[in-house]
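Protein chains in written order, with the numbering used here: chain A, 115 to 627; chain B, 197 to 451.
Among these hints, one or two may not hold up.
[As the list claims (entries may be wrong)] List of simulated lysine to any residue pairs, SDA-like, C-alpha gap at most 25 Å:
{"no.": "1", "chain 1": "A", "residue 1": "247", "chain 2": "B", "residue 2": "274"}
{"no.": "2", "chain 1": "A", "residue 1": "247", "chain 2": "B", "residue 2": "334"}
{"no.": "3", "chain 1": "A", "residue 1": "247", "chain 2": "B", "residue 2": "278"}
{"no.": "4", "chain 1": "A", "residue 1": "247", "chain 2": "B", "residue 2": "253"}
{"no.": "5", "chain 1": "A", "residue 1": "247", "chain 2": "B", "residue 2": "422"}
[Said to hold, decoys possible] In silico contact screen, one side only, chain A against chain B (beta carbon under 8 Å); selected entries:
{"no.": "6", "residue": "232"}
{"no.": "7", "residue": "239"}
{"no.": "8", "residue": "240"}
{"no.": "9", "residue": "241"}
{"no.": "10", "residue": "246"}
{"no.": "11", "residue": "255"}
{"no.": "12", "residue": "330"}
{"no.": "13", "residue": "479"}
Don't read these hints as lab results, they were simulated from the structure. Because the structure is a prediction, the values reported are computed rather than measured. Think of the CB as a built atom: it goes at the ideal place given N, C-alpha and C, for glycine as much as any other residue.
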Amino acid sequence: MSPLFDAVLDLGPQLAEHVLLCAAAVALGIAVALPLAVWASRSPPVARVALGFASLVQTIPALALLALFFPILLAARAIFGEGLPTLGFLPAWLALALYALLPILRNAVTALAYLDDELIEAADGLGMTGWQKLRLVEAPLAAPYVMAGIRTASVWTIGAATLATTIGQRSLGDPIFAGLQTQNWVLVLAGCIASAGLALVADGLFGLVERGFAQRRPALVVTGALLALAGITGAAVSLADWRDDTRETVVIGAKSFSEQYILARAIGSLLEEEGFAVEYREGLGSAVVHNAVASGAIDISVDYTGTLWTNQLGRSDNPGREAMYDAIVAWEEDNTDARVLGRLGFENAYGLAVTQETAREYGLETIADLAGVASQLTIGGDPEWFERPEWIGVRDAYGLSFAEQRTYSPTFMYNALISGEADVISAYTSDGRIAAENLVVLEDPREALPSYDAIVLISPRLADNAQLLEALEPLVGAVDVATMRQANYAVDREEDKWPPQRAARWLLDQIGL
Amino acid sequence: MSQAAPAFLRFDALTKSYDEVDAVRAVSLTIAEGEFVALVGASGSGKSTLLKCINRLVEPTLGRVLLGEEDVLAGPAAPLRRRIGYVFQGIGLFPHMSVAENIALGPRLEGEALPDARIAELLELVELDPAMATRLPAELSGGQRQRVGVARALAGDSHLLLMDEPFGALDPITRGQLGERVRRLHEELGLTTVMVTHDMAEALLLATRVLVMDQGQIVADETPQALLSGEGGEVAQALVAVPRAQARALAGISA
Chain A
115 MSPLFDAVLD LGPQLAEHVL LCAAAVALGI AVALPLAVWA SRSPPVARVA LGFASLVQTI
175 PALALLALFF PILLAARAIF GEGLPTLGFL PAWLALALYA LLPILRNAVT ALAYLDDELI
235 EAADGLGMTG WQKLRLVEAP LAAPYVMAGI RTASVWTIGA ATLATTIGQR SLGDPIFAGL
295 QTQNWVLVLA GCIASAGLAL VADGLFGLVE RGFAQRRPAL VVTGALLALA GITGAAVSLA
355 DWRDDTRETV VIGAKSFSEQ YILARAIGSL LEEEGFAVEY REGLGSAVVH NAVASGAIDI
415 SVDYTGTLWT NQLGRSDNPG REAMYDAIVA WEEDNTDARV LGRLGFENAY GLAVTQETAR
475 EYGLETIADL AGVASQLTIG GDPEWFERPE WIGVRDAYGL SFAEQRTYSP TFMYNALISG
535 EADVISAYTS DGRIAAENLV VLEDPREALP SYDAIVLISP RLADNAQLLE ALEPLVGAVD
595 VATMRQANYA VDREEDKWPP QRAARWLLDQ IGL
Chain B
197 MSQAAPAFLR FDALTKSYDE VDAVRAVSLT IAEGEFVALV GASGSGKSTL LKCINRLVEP
257 TLGRVLLGEE DVLAGPAAPL RRRIGYVFQG IGLFPHMSVA ENIALGPRLE GEALPDARIA
317 ELLELVELDP AMATRLPAEL SGGQRQRVGV ARALAGDSHL LLMDEPFGAL DPITRGQLGE
377 RVRRLHEELG LTTVMVTHDM AEALLLATRV LVMDQGQIVA DETPQALLSG EGGEVAQALV
437 AVPRAQARAL AGISA
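Turn these sequences into a full structure, and let the hints guide you.
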């Protein structure tokens with residue numbers, strides 16, 4: 115069979131969770147939208163406010179809406195207690211239900227508003243109570259339009275639910291995000307095909323129900339509804355079977371780039387060898403990972419000291435590599451009860467990189483050497499680089515003044531350097547392309563660039579689990595930057611791409627585990 | 197006017213204002229049981245508003261409507277309306293219900309199922325084939341639909357039948373036949389009927405009593421005979437003049 119076909123077939127659990135998530139979200143959307151629509155049909159101010167709110171929600175990008183539920187739920191813990199999940203199903207469900215609200219609400223409100231006035235007069239004249247009018251006249255006549263709204267909402271929700279991956283909910287977004295980051299297009303395509311297929315099926319079934327309502331053919335309504343219900347039940351049953359696992363499950367999180375996928379798999383492999391059951395939450399938004407591990411939504415993450423220094427500690431100074439690490443360990447102890455297991459041994463920092471030829475031509479070894487010749491050179495950076503404190507820090511520390519500065523997307527940045535469009539770039543120091551292109555990362559003797567030591571964080575729940583700590587201890591200090599670069603490159607390169615799992619195995623072999 | 201019959205429906209200084217304009221202005225009126233009253237007037241004269249104050253599709257601004265001895269505003273609107281048959285120009289048959297379901301709707305609202313035999317009887321009353329019971333309204337002609345509308349209004353065994361331009365949308369032949377039929381039903385079932393129409397000929401042919409409305413007030417209250425013999429005043433006679441002139445013209449053509 116073709117790899118694409120295999121990849122689609124591998125998506126069983128993701129598909130099942132996707133189906134359940136969307137069904138729950140649309141169901142909640144219906145449960146909120148329909149009573150609201152009835153209320154709105156009886157009160158124009160309610161209609162204005164409800165439709166205004168639903169439209170406003172719709173203008174928030176789905177990705178942001180999903181991410182926003184993390185802080186909202188975190189705040190809601192003050193009321194509902196610490197047990198309230200802040201990542202995974204709950205925020206995804208709530209955000210998607212909000213998203214599903216608009217089409218259902220709008221169609222229901224419009225259908226009720228445009229019901230034939232004569233039928234309403236007849237209903238009143240016959241002596242129907244408000245409830246009888248709703249049940250006998252308004253609901254059956256509005257049903258096809260409401261169903262059309264539910265149909266639209268379902269298709270939207272199925273598409274948007276792929277983004278739930280970023281907040282730790284397994285979905286058909288898993289292969290899409292993993293594939294995008296590792297440039298594995300087969301995975302991306304498999305995720306897209308599965309989610310588009312699911313959307314088409316839902317659209318077809320709800321279309322059947324809609325037609326049944328419009329043509330007053332109850333058999334169609336029942337057939338469509340039962341098939342949809344069967345699909346949802348099947349999804350639930352299939353998941354129940356996969357989960358009869360009594361071992362303790364450790365959830366490993368990964369941000370959405372290759373290095374994170376590889377390290378998550380490496381950590382997972384070590385834990386599986388020790389008998390732990392392992393689940394992965396991959397493609398998490400960079401901003402939520404630390405809070406996820408601190409709140410116990412995931413159990414293990416790999417983060418970087420410089421990132422935590424700025425985002426969690428809110429610091430902008432640079433005390434140097436060791437002091438920064440010590441300060442972060444102490445801060446986690448004081449503030450989150452998450453344990454810093456240790457440093458893996460490499461940094462994924464910003465660094466200034468040049469080609470071998472440029473280094474030789476200008477005699478460059480350190481950034482200080484660059485200062486004298488910068489006025490003849492062009493510097494390239496990723497879109498954020500020239501706004502970041504790292505650039506401002508290094509520029510001022512060494513007095514750098516380049517002839518020209520240009521921005522590139524990360525992928526093209528390396529191409530620009532090789533082709534000579536840029537002479538110096540802001541590289542990521544563990545990037546595989548540094549090794550592949552044999553680039554020179556200039557030393558930073560003044561420590562102007564903050565360090566980004568890769569560190570392993572353990573959630574409070576497992577912070578004192580001796581077996582787990584012992585299993586992961588060998589990783590501490592064991593991964594040097596050259597090995598990490600090679601592993602990253604194996605996943606990132608165009609030809610002979612490895613899946614993260616294989617690169618993780620290779621990495622563990624390299625460090626003798 | 198049958199002065200001897202007991203007062204069945206009484207309007208007591210009834211006023212309905214919309215944005216300070218009086219659609220109905222201080223109307224006081226007594227209708228006896230068994231009367232067939234036609235409310236006639238030009239558009240905007242207030243005849244429909246007055247009718248709808250009876251079953252509370254319009255709530256009066258001032259004054260009262262008494263049905264029997266009871267103020268119609270005394271209880272909730274829905275049970276009151278179920279006691280009153282209502283037929284209007286729009287008919288308002290529910291498109292998602294069969295003819296039988298439409299007819300049985302009033303009793304159903306009270307929690308009663310209307311037997312098939314009674315539905316057949318009601319269809320026969322309005323001169324429709326009982327086999328039509330299973331049809332949907334979309335399959336009927338306009339005249340058939342309004343017959344079903346009348347059957348539906350009679351299904352609740354109400355003694356008061358309100359009709360708001362009931363035949364306005366029908367072709368002249370159907371209109372004449374159905375008018376005749378309703379008049380006979382009025383007699384046979386012992387109904388009290390109030391019909392709004394802008395057509396004086398229809399009022400003269402069907403009603404036992406004709407009320408002419410102008411600018412929210414009743415300006416004439418006569419029998420058809422009295423109107424035809426010139427009673428009722430200027431506004432009423434202007435309305436009577438139309439069918440009379442037509443009749444003369446027709447007589448002239450045939451002569």
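Each hint, compared with the structure:
1. About 11 Å separates the Cα atoms of residue 247/A and residue 274/B, which keeps this hinted pair within 25 Å; it holds.
2. Among the hinted pairs, residue 247/A with residue 334/B is consistent with the structure: their alpha-carbon atoms are about 21 Å apart, no more than 25 Å.
3. A hinted pair counts as satisfied when its Cα atoms are at most 25 Å apart, and residue 247/A with residue 278/B qualifies at roughly 13 Å.
4. A threshold of 25 Å between alpha carbons decides the hint, and for residue 247/A with residue 253/B the separation of about 15 Å falls inside it, so the pair holds.
5. With a C-alpha separation of about 44 Å, the suggested pairing of residue 247/A with residue 422/B is violated against the 25 Å cut-off.
6. Satisfaction of the interface hint for residue 232/A is found here, the shortest Cβ-Cβ separation to chain B being roughly 3 Å, below the 8 Å cut-off.
7. About 4 Å separates the beta-carbon of residue 239/A from the nearest beta-carbon of chain B, less than 8 Å, and the hint is met.
8. Taking 8 Å as the C-beta contact cut-off toward chain B, the hint placing residue 240/A at the interface holds, the least distance being around 5 Å.
9. Because the smallest distance between the Cβ of residue 241/A and any Cβ of chain B comes to about 3 Å, under 8 Å, the interface hint for this residue holds.
10. The closest approach between the C-beta of residue 246/A and any C-beta of chain B is roughly 6 Å, which is under the 8 Å cut-off, so the hint is satisfied.
11. With a least beta-carbon distance of about 6 Å to chain B, the hint placing residue 255/A at the interface is held under the 8 Å criterion.
12. Restraint check, residue 330/A versus chain B: the minimum CB separation of about 6 Å is within 8 Å; hint holds.
13. Below 8 Å, beta-carbon pairs count as interface contacts, and residue 479/A has none with chain B, the closest being about 84 Å; its hint is therefore violated.
Hint compliance for this structure: hints 5, 13 are not met, and every other hint is.
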